[in-house]
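Peer 1: What follows is each chain in one-letter form.
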Amino acid sequence: MRKFLLAAAMMFALCVFAPFSFAAADPAVTLVNPSENEPIVTNNFLISVKVTQTGKFLHVSAYELQQKTDADWALVQTEELEEYDKKKEEEKRLVPIMETASFESKGAVSFFTHKVEDIAPGVYMIRIETADADGAVLFDKEYRILVKEKTEEESKVFETPKSGTSQFLQSLLNKLFKN
Amino acid sequence: MNTGTAVAERLKNILLVVLVLSTILLLYFLWSDNAGAGFRVPGADGGSVRTIPVEDVLYPERITVNFGAENYTVPPETASLWYGFAGGDAPAFMNGLRKFLASDNIAVGAISKEDFLDVMRARSVRADFAFAIPMADFCAAFDLPRPAEIGVIDAFTCAAYSEASPESLFLCDRLGDRYYRLAMDGEAGFKELIAHIEASDNATYYPLRAFSGVENDTLLPLDASGALAALPYARSIDPGDEDDAGRMREMTRAFFGKSFDFTRKITEGNGTIVYMYGYGEKVLVINRDGSFEYSASEADRGSTDFFGALTTALAFVASHEEPGERAAAEKRVYLRDVRSSFADGQKAYRFSFGLDIDGHTVYYADSEPLAVEVAGRQVRYYKRDMIDASARESGKGLPSDAVFAPFDLLTEHFAYIYGVLSEKGLAAPPGRASDDESVFESVAEMVTGLSSGLLRPSETFFYRGRDERGAPAAGQNLLPVWTLAVQGVDFYFDLYTGAPAGYYGE
Amino acid sequence: MDWTKAKNILIVALLVTNLLLLGAYVLREMQRSAAEDEDTRRRILTEYKVFLETEIPKQPAPMAVLFVRPETEDRARIEQALAEQAPIPDDDRESLRSAANAVLERCGLMTENTELAAPFETDGGATTLRYRDVFDGIPIEESYILCTIKDGRIAEIRRKWYTPLELHDTKGEILGPIEALLQLLPEKDKEEAVVVRDMELVYRVDPAGPVAESPVGDTALPAWKITDDKGIITYVAAYAQ
Chain A
10 MRKFLLAAAM MFALCVFAPF SFAAADPAVT LVNPSENEPI VTNNFLISVK VTQTGKFLHV
70 SAYELQQKTD ADWALVQTEE LEEYDKKKEE EKRLVPIMET ASFESKGAVS FFTHKVEDIA
130 PGVYMIRIET ADADGAVLFD KEYRILVKEK TEEESKVFET PKSGTSQFLQ SLLNKLFKN
Chain B
18 MNTGTAVAER LKNILLVVLV LSTILLLYFL WSDNAGAGFR VPGADGGSVR TIPVEDVLYP
78 ERITVNFGAE NYTVPPETAS LWYGFAGGDA PAFMNGLRKF LASDNIAVGA ISKEDFLDVM
138 RARSVRADFA FAIPMADFCA AFDLPRPAEI GVIDAFTCAA YSEASPESLF LCDRLGDRYY
198 RLAMDGEAGF KELIAHIEAS DNATYYPLRA FSGVENDTLL PLDASGALAA LPYARSIDPG
258 DEDDAGRMRE MTRAFFGKSF DFTRKITEGN GTIVYMYGYG EKVLVINRDG SFEYSASEAD
318 RGSTDFFGAL TTALAFVASH EEPGERAAAE KRVYLRDVRS SFADGQKAYR FSFGLDIDGH
378 TVYYADSEPL AVEVAGRQVR YYKRDMIDAS ARESGKGLPS DAVFAPFDLL TEHFAYIYGV
438 LSEKGLAAPP GRASDDESVF ESVAEMVTGL SSGLLRPSET FFYRGRDERG APAAGQNLLP
498 VWTLAVQGVD FYFDLYTGAP AGYYGE
Chain C
464 MDWTKAKNIL IVALLVTNLL LLGAYVLREM QRSAAEDEDT RRRILTEYKV FLETEIPKQP
524 APMAVLFVRP ETEDRARIEQ ALAEQAPIPD DDRESLRSAA NAVLERCGLM TENTELAAPF
584 ETDGGATTLR YRDVFDGIPI EESYILCTIK DGRIAEIRRK WYTPLELHDT KGEILGPIEA
644 LLQLLPEKDK EEAVVVRDME LVYRVDPAGP VAESPVGDTA LPAWKITDDK GIITYVAAYA
704 Q
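Protein chains in written order, with the working numbering: chain A, 10 to 188; chain B, 18 to 523; chain C, 464 to 704.
These aren't lab readings, by the way, just hints derived from the structure by calculation. Every residue gets a Cβ at the ideal spot worked out from N, C-alpha and C, and that includes glycine. Fair warning: there could be bad hints in the mix.
As the list claims (entries may be wrong) - Okay, the calculated bits of chain A under chain B, using three or more residues with CB under 8 Å as the criterion:
(1) 64–73
(2) 76–83
(3) 111–123
Stated by the list, open to error - Far from chain B by the CB rule (all over 12 Å, computed), these chain A residues:
(4) Pro43
(5) Thr87
(6) Asp94
(7) Arg136
(8) Lys165
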């Protein structure tokens with residue numbers, strides 16, 4: 010009997026706390042920008058969140074991922090991310106880069122936009138929480154944004170419009186008949 | 018006898034002189050009569066012939082700058098970036114273009130649209146015109162070198178430079194969907210142009226794809242500072258006003274010249290006045306509201322090119338304006354659209370002009386300020402609907418409110434925009450399956466530009482605003498608006514409240 | 464060098480030159496005035512088989528355009544006046560005229576410009592009086608009142624009227640009458656004979672106008688009204704340009 014009760018209590022707890030532990034995403038809420046798919050080169054964020062349902066309450070926050078190396082805290086770089094995840098809690102921290110913003114969606118399609126400047130290359134996290142009218146958090150999603158260092162402009166190499174001989178002839182003719 | 022002969026000789030001298038003079042006189046009479054009757058005074062109008070220089074009206078509709086790292090801006094003023102400041106050292110597009118065309122080893126080739134868009138993702142600057150400009154005529158009109166390689170380019174709508182390919186200048190023809198690359202040795206000053214723009218105060222713009230996730234690179238500012246207030250305006254000429262009668266006559270004379278005294282004047286019941294010469298060779302229709310249309314059917318079988326026709330049009334505009342100085346805000350016209358047509362073996366150009374008052378674009382909710390059609394060397398059609406706005410007293414009346422965020426225009430009014438476009442057949446009517454999200458996305462995909470300016474509200478507003486004497490009521494104002502261009506239709510929204518204020522487009 | 468002889472030769476040479484030049488000049492002037500000669504023109508007209516049955520009008524002085532107001536018909540007022548008319552006592556011209564005038568007065572159609580045109584037309588049992596619109600001695604076309612009298616009473620009044628308002632301030636030269644007749648030639652069949660029965664200068668409002676609705680103001684331009692023996696009327700624009 011006791012075992013059964015314990016199991017039931019655990020299941021109950023799981024069910025109650027499941028939404029939080031799974032960090033489920035709200036299907037009506039999408040982070041449109043910045044995109045978390047590929048590393049981007051930028052020095053500012055235009056955070057844009059699309060909400061396709063009216064009456065939702067959102068809390069949006071953004072953080073730098075920082076890690077402790079020796080005595081200093083530093084922004085985590087893209088290459089260091091795997092290692093970062095394995096680190097101990099004391100050596101990781103999230104530093105907010107903006108005040109948490111609140112937003113209530115109105116209409117069938119609405120967007121939350123917020124600009125954050127002075128973004129250095131590194132790894133960032135954007136958290137979007139959906140709450141109900143009383144403030145209880147219903148959904149919670151975190152997005153990892155990778156910001157690359159700006160590399161040397163990759164010069165686009167175009168095909169030379171004309172082959173050597175014809176170009177030579179052309180410029181010769183030009184010089185002869187230049188007006 | 019000596020004295021006798023001396024006298025005879027003197028007489029003969031006099032006779033010789035007389036005969037020589039009379040010969041000259043007779044020759045003159047014979048020849049002058051052959052040449053034509055009377056004296057001909059060159060330049061029948063006398064005095065200076067005013068015209069508007071082409072550079073004053075021809076400049077890009079928009080210049081967009083990509084500073085790299087997702088930083089964009091759209092400078093508010095394009096003419097000086099295209100032509101350069103008079104006497105200034107700041108770099109400009111035309112200087113760069115000239116350097117390219119003058120270079121010894123220029124190479125010109127076509128490239129794909131993908132390559133072009135790809136290279137523009139880097140630090141770059143791009144100037145877009147609202148219409149296509151014929152390449153050869155452009156070079157001739159601006160005295161640019163014209164190497165043979167340029168012949169492959171028919172017309173262009175944009176010029177662009179990217180630091181990802183610093184030896185290139187790109188020209189594209191949006192209408193023909195063709196992209197060209199000009200390559201030269203050395204630099205043409207575009208790097209400096211980008212740096213120059215970067216150094217000035219710029220609003221940050223983002224592509225629509227960053228706001229909404231939709232595939233559209235049209236740039237929108239996140240927000241903007243409000244510096245536009247409602248501006249009182251009046252028609253430049255009012256046929257109902259006694260004081261304007263003299264100016265009206267003067268203007269009508271400009272259209273008919275000496276034949277004005279033999280034109281037929283017809284007054285319609287609604288106040289429209291029609292002047293007609295001959296059997297419709299020249300017709301001038303002056304509407305009650307002060308707008309007028311002129312058409313001439315004298316055939317000129319000559320041919321002309323883009324710039325020849327534009328020069329003809331501008332000279333005509335300069336000599337057929339509402340006369341007299343009015344204490345008003347500075348206004349200028351600029352070329353907004355060009356259409357060419359071909360009929361009866363002759364090419365004709367229709368030039369549509371927009372209006373700028375005090376540096377702000379003035380949009381008309383139901384009409385256009387100025388249009389000229391030229392065939393050969395003759396103006397075939399001229400339409401003018403001009404207003405004057407009072408000069409704003411400095412520092413007065415500027416609101417400090419934040420303007421309505423441009424992107425919110427889309428999120429709040431996408432359904433309204435979609436409805437209007439469906440009515441015009443420019444968008445598929447919403448089916449039962451379409452939900453709001455897909456309607457939003459299709460509207461966002463069709464956005465082509467955003468600008469701010471002043472709106473002249475539609476006619477119904479105008480007539481409602483008349484007082485008992487028929488004069489425009491004091492409350493006749495140009496309204497500050499956002500203009501969102503979607504699929505060829507300009508939608509107007511109040512700059513501060515975002516409320517829809519009309520739309521215009523075929 | 465014998466100057467005396469040289470001068471003599473020069474004088475003779477110049478004298479000859481002058482005479483030649485003078486002769487050429489005079490000849491050309493004669494040719495020109497011959498072309499302008501009225502007889503020559505009449506000859507051209509006759510060559511093209513345009514015969515004149517009437518006297519050629521005098522060359523008019525310069526004229527200005529005339530601004531007019533098109534009038535609409537007040538049908539109710541006309542009907543009322545027709546209903547209230549007194550029967551006409553006799554059928555001689557004078558009685559008909561005074562009866563018609565009286566009714567027109569009642570309708571308010573009798574103005575200082577209204578003039579009775581000369582011939583009364585009789586067709587079957589009906590007589591029609593035609594009134595013209597005249598400004599300063601010049602008729603305005605096509606402006607008329609037709610008064611049909613039948614069985615001793617006025618049966619019908621029809622009106623198309625332009626009230627003259629004022630002249631424009633600038634006058635223009637008028638085409639000469641023979642010049643005007645010459646304008647008929649291009650349209651004319653060379654072999655066909657045309658006999659001009661009447662020719663007069665009028666003010667004409669072109670019925671073909673660019674406006675769709677009826678205007679409240681219009682302009683009459685001088686024109687030569689040429690009537691041939693078949694009754695066909697041709698208008699020739701009379702400004703010499």
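Peer 1: It remains to establish, for every hint, whether it holds in the given structure.
Peer 2: Hint by hint, here is what the structure shows:
Coverage of the stretch 64–73 of chain A by chain B is violated in this model, with 0 residues showing a Cβ closer than 8 Å to a Cβ of that chain against a need of three. Residues of the stretch 76–83 of chain A with a Cβ under 8 Å from some Cβ of chain B number 0, which does not satisfy the need for three, so the listed coverage is violated. Residues of the stretch 111–123 of chain A with a Cβ under 8 Å from some Cβ of chain B number 6, which satisfies the need for three, so the listed coverage holds. With a least CB separation of 8 Å from chain B, A/Pro43 falls inside the 12 Å interface cut-off, contrary to its annotation.
Taking the minimum C-beta to C-beta distance to chain B, about 15 Å, the non-interface status of A/Thr87 holds against the 12 Å cut. Consistency note on A/Asp94: stated as away from chain B, and its beta-carbon is indeed over 12 Å from all of that chain's, at 27 Å minimum. Listed as a non-interface residue, A/Arg136 keeps its Cβ farther than 12 Å from every Cβ of chain B; the least gap is roughly 19 Å. A/Lys165, annotated as away from the interface, has a beta carbon of chain B within 12 Å; the closest lies near 5 Å.
Checked against the numbered hints listed earlier, the structure breaks hints 1, 2, 4, 8; every other hint is satisfied.
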